[in-house]
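There are 2 protein chains.
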Amino acid sequence: MQDTVRDYLLGLQARIVAALEEAGGDAFRSDRWVREAGGPLEGEGLSRLVEDGRLLERGGCSFSHVKGRTLPPSATQHRPELAGAPFEAMGVSLVFHPRNPYVPTVHMNVRMLAAFPVGAAEPVTWFGGGMDLTPYYGFEEDAQHFHRTNRDALAPFGADKYPRFKQWCDEYFFLKHRQEPRGIGGVFFDDFAELGFERSFAMLQAVGDALLPAYLPIVERRQPLPYGERERDFQAYRRGRYVEFNLVFDRGTLFGLQSGGRTESILMSMPPLVKWRYDWRPEPGTPEARLYTDFLRPRDWAAEG
Amino acid sequence: MQDTVRDYLLGLQARIVAALEEAGGDAFRSDRWVREAGGPLEGEGLSRLVEDGRLLERGGCSFSHVKGRTLPPSATQHRPELAGAPFEAMGVSLVFHPRNPYVPTVHMNVRMLAAFPVGAAEPVTWFGGGMDLTPYYGFEEDAQHFHRTNRDALAPFGADKYPRFKQWCDEYFFLKHRQEPRGIGGVFFDDFAELGFERSFAMLQAVGDALLPAYLPIVERRQPLPYGERERDFQAYRRGRYVEFNLVFDRGTLFGLQSGGRTESILMSMPPLVKWRYDWRPEPGTPEARLYTDFLRPRDWAAEG
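These protein sequence lines map, in sequence, to chains A and B. Heads up, the first sequence is in the working numbering, so the first residue is 1084 and it goes up one at a time. Heads up, the second sequence is in the working numbering, so the first residue is 1084 and it goes up one at a time.
Don't take each hint at face value.
Since copy identity is lost for identical chains, a pair holds within one copy or between any two.
[Said to hold, decoys possible] Dumping the calculated DSS-like pairs for lysine-lysine here, alpha-carbon to alpha-carbon at most 27 Å: (1) K1259 <-> K1150; (2) K1358 <-> K1259; (3) K1150 <-> K1358.
Because the hints were derived from the structure by calculation, they are not lab data.
Okay, chain A solo, but in the shape it has when bound (with noise of 0.2 Å):
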């Protein structure tokens, strides 16, 4: 069971590097890690990593299988009962920061968690992920695309499930200390294990084959467009937003950092370049006002256009 996750996971990653490296150019490096038994955490990972590159300046995709002795509360929120006891869990997790600003960031994760309570004859299973869009520059049709991508994705699993991921996503990706959605939304979902195990494998793996359908094309018509300093430097402060979130409200960033998780994995997803400025606002009527004023706000996607 765990194998044929296992199986899936490395075969979405490899699928999904490939799919890059064609479209921008990049070579992704490999960086294979293992950690010996005898920690808190045993397992091993493989990153694949761009920096530096002519489509992604910074970018990583990164499995990792990881098993641990004792389960923390906030691994599972809605089962308690399962703090403390023994675990496994295996995902993809992937960040794209792209050099032209046009071109949006992209973040997916896909994971499956197996607890080992003491006396249960089975593990208790389930399955969390999503992935989310982050533009600098809005673009309808991007977002509409995106979004439609993740819905048609569900939709074979139950007619409740986009509209559920949807707003799960617009909650948890929101800077509170900025009243701000990090970006455009996408689906996110947890503690999942409602359809029995296969029927949610089988949506866990819809979610992640969605990832190449809903960015590629939108890298394909934004890669090309020219851009100057202004676009860079809009971007450059815009990813303080990224940092601002991974680091203060990620449940998955902090739970890494503070149980000694391997910190430069965890940080994969830190964008290459990033500036702050003080109480900075866009002119209004700029298209880097128009980010604020039309995409940071929790609009229906799917259904618009």
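Assemble the complex: chain A is given as a structure, and chain B must be docked to it using the hints.
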């Protein structure tokens, strides 16, 4: 009593800003803000800041004075019985990020808290603060000078103060996920009232007054040194650690962001331009490597040289 502290803090802010303006030729902007009564916090503040200056690429020195209805537990580590009481807090907080990578970043905070427990005749007051230095290129002479200035400032208040506060600073400004100190330390203290109000306040003043003699001679020595892309690049990379510390570990930053504090004032501590890269290490034997081997480890700087 509160008025005396307030007058000292506003005077300290003015003196520090005037001295930095003279030393660096940068004109600080002023931003005055008011939080009207009605929310969880009310009060006012004066932010003084430079962006894109000659000496300071980004720097802020903020005074704030707020009143709140209920003191959060995080605000007083050692007196949980005061949690929930109405409180008043005032302080000056500064972070200066110089442009020249040979000039270290400095941080200082001096603050007073007063809690008003129900039924108590007098408020309970205490002080906290300190300063610490974060070099990009280390100079033993600078680290020794910074620590000696703090040691000498604290000497009149008991021989135990500097060693205690130096160790507290080393423990506090530590990036657990990197197993790395933020810089070469300094002094840090909190919940301080053990000398009585007058002497404790005098000690706070001694620390506040020590900022300029601790930092300005270092600015004057290092500001003339020429630098190039290599040094700027390493500075931007190391600034990533500053971001990681402040957003993941710093209690003041997290409490401020989570409790509805003023985001732009709190995040004045963020550097102007920051880079992340994967699993990077300096070449052994370079000045960049020397920062890690010779400076980013606990040393009794005040006793050296």
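(message) To test your reading of the hints: which numbers does this structure violate?
(response) 3
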